[in-house]
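> Sequential numbering from 1253 applies to the sequence shown in my numbering.
Read the hints as simulated data drawn from the structure, not as lab findings. Model, not experiment: these values are computed from the prediction.
Derived CB-CB ranges, DEER-like:
no., residue 1, residue 2, range
1, Pro1429, Leu1449, 20 to 26 Å
2, Gly1302, Ala1439, 21 to 27 Å
3, Trp1286, Leu1367, 35 to 41 Å
4, Thr1456, Val1387, 27 to 33 Å
5, Lys1419, Val1387, 35 to 41 Å
We put the CB at the ideal spot given by N, CA and C, even for glycine.
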Amino acid sequence: MERSSVAPDVRVSALLALLTCVVFANALPNGFVWDDASLIVDNSAIKRVGNIPTLFSPSWFRDDVVKPAYRPLAYISFAVDYGFWGLRATGYHATNLLLHVGSVLALYGFLRGVLECRAAAVLGALVFAVCPLRVEAVTYVKSRDEMLACVLLLAGLLLFRRFQRAKEQGGGTSAWPSFGLSMAAFALLPFAKEHGLVFPALLTAWV
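Taking the hints into account, I'd like the entire structure generated from these sequences.
Structure follows, in structure tokens:
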């Protein structure tokens, strides 16, 4: 990305973040619903920091989770939220919203890296930001696993594209941190949600 385009991209990113927050702000006063009760309210495992190693144990998911699925990053994020907010649902909704903002910005950055037209990148990120299909994931605290997987996937794609661009421009060793961070995002994806395993397939199809 050319230096002259950085300032406009910062402004666009700020506007996208603001619009996303405005659209989903009405979720913040909401309480816990449905599966939130068993996953958060009645889940003693997230209420002590010392339990975090247990959240990586497959046996805990098999024996203690109502609907077993190995997604430890979601529960760790619930534990962090509990440390800050206790059982005040607003904080958990705010975390989901921030993750969605991160996904929107990562998508915009990725689209700017692969499209010639800034307007097309803005439109793509804008549609994703306010798409009604995202409402359940953003406003339902239980969907934290999906929010984490989404932001990791899009951040991984953005970082890999930056690695490619740096290599194309003769960046040498300066390109490799982006590659390393992209692979780190991929490594974390399966711990967020299993559909994150599509990441290598996306890279293979793209490269």
